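Residue numbers (the numbering used here), protein chains in the order written: chain A, 1 to 577; chain B, 1001 to 1149.
If you are wondering where the hints come from, they were derived from the structure by calculation, not from laboratory data.
Since the structure is predicted, the reported quantities are computational estimates derived from the model, not experimental observations.
Ideal placement from N, C-alpha and C gives every residue a C-beta, glycine not left out.
Accuracy of the hints is not assured; some may be wrong.
Result set (EDC-like, lysine to aspartate or glutamate): computed pairs, CA atoms no more than 20 Å apart in a straight line [claimed, not checked]: (1) K559(A) x D1085(B); (2) K559(A) x D481(A); (3) K559(A) x D542(A); (4) K559(A) x E236(A); (5) K52(A) x E216(A); (6) K555(A) x D481(A); (7) K555(A) x E236(A); (8) K559(A) x E1088(B); (9) K567(A) x E1111(B).
Every beta carbon over 12 Å from chain A, so not counted as near; a handful from chain B, in silico [stated by the list, open to error]: (10) L1041; (11) L1042; (12) S1083; (13) R1086; (14) W1138; (15) P1147.
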Amino acid sequence: MPRNRSRLTWRVIALAAFFLFATGGLVGRLAYIQLVNHERYIEEANAEHFEKREVRSTRGAILDRNGFPLATSVEVFDLYIDRRAWEKDPSRARKTAEGLAPLLGQDAAAILSRLEDSSEGPIALLESSLDYEIGRVIEDMSLPGVTVADATERYYPEGDLASALLGFLGRDHSGLAGLEADLDQVLAGSPSYIYFERDGGGQPIPFVQPIEQPGEDGADVRLTIDRYIQRLIEAELDFQIEAHGASGGTILVMDPMTGAILGMAGRPSFNLSQLNLDVPDFEIYRNRAVTDLYEPGSVVKTLTMATAIDMGLVNPNTTYFDSGYVEKGGYEFKNWDFSSHGTTTMTQLLQFSLNTGAIWLSDLIGPNDLYRYFDSFGLGESTHSGLGGESTGLVRTNAADDWYPSDLATNSYGQGIAATPLQVITAISSLINGGNLMRPYIVSEFANGKDRRIYEPVVVRRTISPESSATMKEMMHEVVDGVQWHGARLKGYSAGGKTGTTLVSIPTGYALDSTIASFVGFAPVENPEIVMLIKIDEPKDDPLGGIVAAPVFAKLAPKILAYLNVKPTQPLAQAGQ
Amino acid sequence: MATLDRLGPPAAASPALPGKAAWTPRRAIAVALTVAAAIALLQVVLFSTFTHTGQRLTNLQSQREELQAEIYQTEADIAALASLDRTERVARERLGMVPARVNRYVSVSIEAPSGALLPRPVVQIAPQEATASEEQPWWRTLIQALPLP
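Just need the whole structure built from these sequences, with the hints factored in.
Laid out in structure tokens, this is it:
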């Protein structure tokens, strides 16, 4: 009897189809997983198998212009404890305390009481910034409940030098103030990552080579600051503030030809070696040379004079009649010493610092041109130095609704204008360097292992012509060296400059018993190597810039010039301090 | 007996080839076990070498970290020794020096040395020379040229 082939066939076919379908489904699913969702499952597997650990890169150093470190980093350890390790066996805590005591230089009982104090929670920081060697010893001891974590600590070889300028770091090692904050990205670099396989319990699998994603160490930053000059001006500023009973002050030293800042000191300030962020007085952390505004006073007379000379309205020998007072906009303005000098040249105007002369010039120039030149000199705008917290200053021009003709008068001799010390010294520099407004800068270069970036001087704009600059340089020279009793005269070098004395502005006007005494000077006149601004806030013994600030220039400038190997312009004269 | 002699020798293995032993099951098993043992031994040796190398690598990395920490600390120590405060302190206390009251300037006809007249700076930011592509061994080049996954 023949077989029932059709019955066998459809069963076989059905079975085959079933297996085919099942196999096709499996293959399709495999293809979907392996091909379509390949990346996704790889990522999930890696996330499950691998752990990523971030390793912070070494923070770059901050160097002075000669390569001496002002801030650098050293490797340290932070010591953590896990109190759960001796919850069930208190004797382990005692063992840990006894093991740590000699290394930490502390009493074992004191350590034990901290270990047993559960108010901080199970995990707590016991000690921070341990020396690397001590940390390694503790790590090797494998004490119960003790973990050491890699850390770095910022170290300042020059102590508290340039505290406000350098700034400081937070606990997470990121910059919080000063250059540490302004240059945080450059100094911090980028972290590296280590990927290692872990088992089901989350523990690293030994004998498996971890995969490293290298980061980049932070770049070292070289400043234009000279540590010797910085130390000189800081010591002198501290001395002058104490000597005059002042509330604070600023000293700036700059290369007038390039805008490089050689020294920047401000008081009051803080000490890096005694940093206490729990103190809620954040005022002390600011860099006053760029943040604090003041009315520059008679120093601005040089800018007014430069405007008139550049416009061809006057020359050094042009005269006007000084009667001792001027009426303007319903107000009467007098000279600072209530004097009158009769027929006076422009040079004498600066020498005697005559308010009436400045007002006469401002009338000659006119408000539009005067404020245009003030704007050109950088008053009322940021210098773009790159330093954090820089103020832009304030100049109220005749375009403002609340401007009055009397404002032109006061502005001409530096009252009613607010500027930072950095703005003022930058503006004055443009008078003596050929007429170029230079961008002040403090970072000269930074470099890590593979990149190096050098910052070149930047000419922002021309303020006055080279001829006008030469004239102003000579006139300012006459202000200092042409006056026998001038406090800023240097031994061995020719110098020029201008004093400034302004009342301290308060919300209701001016404090009649408080002044800001200032002086801006440069030397040598023939080829200015330095320009220096000295500002002493609220001196108690004498209010005048010529008495308080100018002698500071006479004291510091020869030392700085000798340090910079600047040949004396009067070599046969006996130079002294 | 002659009849038995004519039958020839028992149907044993074919006449042995000169110089080669016959492959008996026992021999084959022995060889297989030996090969397996050799493979296992090789695995153990490789694994042991790998572990040892891994441990050495870990030790070397640890040494490198320690040395790097020492370098940073030494640099910090050098910077501290060269600090202005310490220099002045040594000058005053150890050498008995005082600030000059009078500076005398003497002009000479020799050009001044370039650079700052200071102790050698601690850190030199040397220009990084552009490095040419490193030469690699021929076998690495060959491996990279192969279309391996």
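To see whether the hints hold, each was checked on the structure:
1. The straight-line distance between the Cα atoms of K559(A) and D1085(B) is roughly 17 Å, inside the 20 Å bound, and the hint therefore holds.
2. Between K559(A) and D481(A) the alpha-carbon distance is near 18 Å, which keeps this suggested pair within the 20 Å criterion.
3. Distance hint between K559(A) and D542(A) is unfulfilled; the C-alpha atoms sit about 25 Å from each other, more than 20 Å.
4. For the hint linking K559(A) to E236(A), the alpha-carbon distance of about 12 Å falls within 20 Å, and the restraint holds.
5. Between K52(A) and E216(A), the direct Cα distance comes to roughly 17 Å. Compliance with the 20 Å bound is thereby established for this hinted pair.
6. The hinted pair formed by K555(A) and D481(A) meets the criterion: a straight-line CA distance of about 15 Å does not exceed 20 Å.
7. Restraint check: the Cα-Cα separation between K555(A) and E236(A) comes to about 9 Å, which is no more than 20 Å; the hinted pair holds.
8. Annotation: proposed proximity of K559(A) to E1088(B) holds, straight-line Cα distance about 16 Å (limit 20 Å).
9. The suggested pairing of K567(A) with E1111(B) holds, with an alpha-carbon distance near 12 Å, which does not exceed 20 Å.
10. The claim that L1041(B) is not at the interface with chain A holds, since no C-beta of that chain comes within 12 Å of its own (minimum 19 Å).
11. Non-interface call for L1042(B) relative to chain A: holds, since the shortest CB-CB distance, roughly 17 Å, exceeds 12 Å.
12. Distance check on S1083(B): its Cβ comes as close as 5 Å (rounded) to a Cβ of chain A, failing to clear the 12 Å threshold; non-interface status is violated.
13. Distance to chain A contradicts R1086(B) as a non-interface residue, since its nearest Cβ pair spans about 9 Å, not more than 12 Å.
14. Separation of W1138(B) from chain A is adequate, the least Cβ-Cβ distance of about 25 Å exceeding the 12 Å criterion.
15. For P1147(B), the requirement that its beta carbon stay farther than 12 Å from each beta carbon of chain A is met, with the minimum near 19 Å.
Figure legend: structure checked against the earlier numbered hints; hints not met, in rising order: 3, 12, 13.
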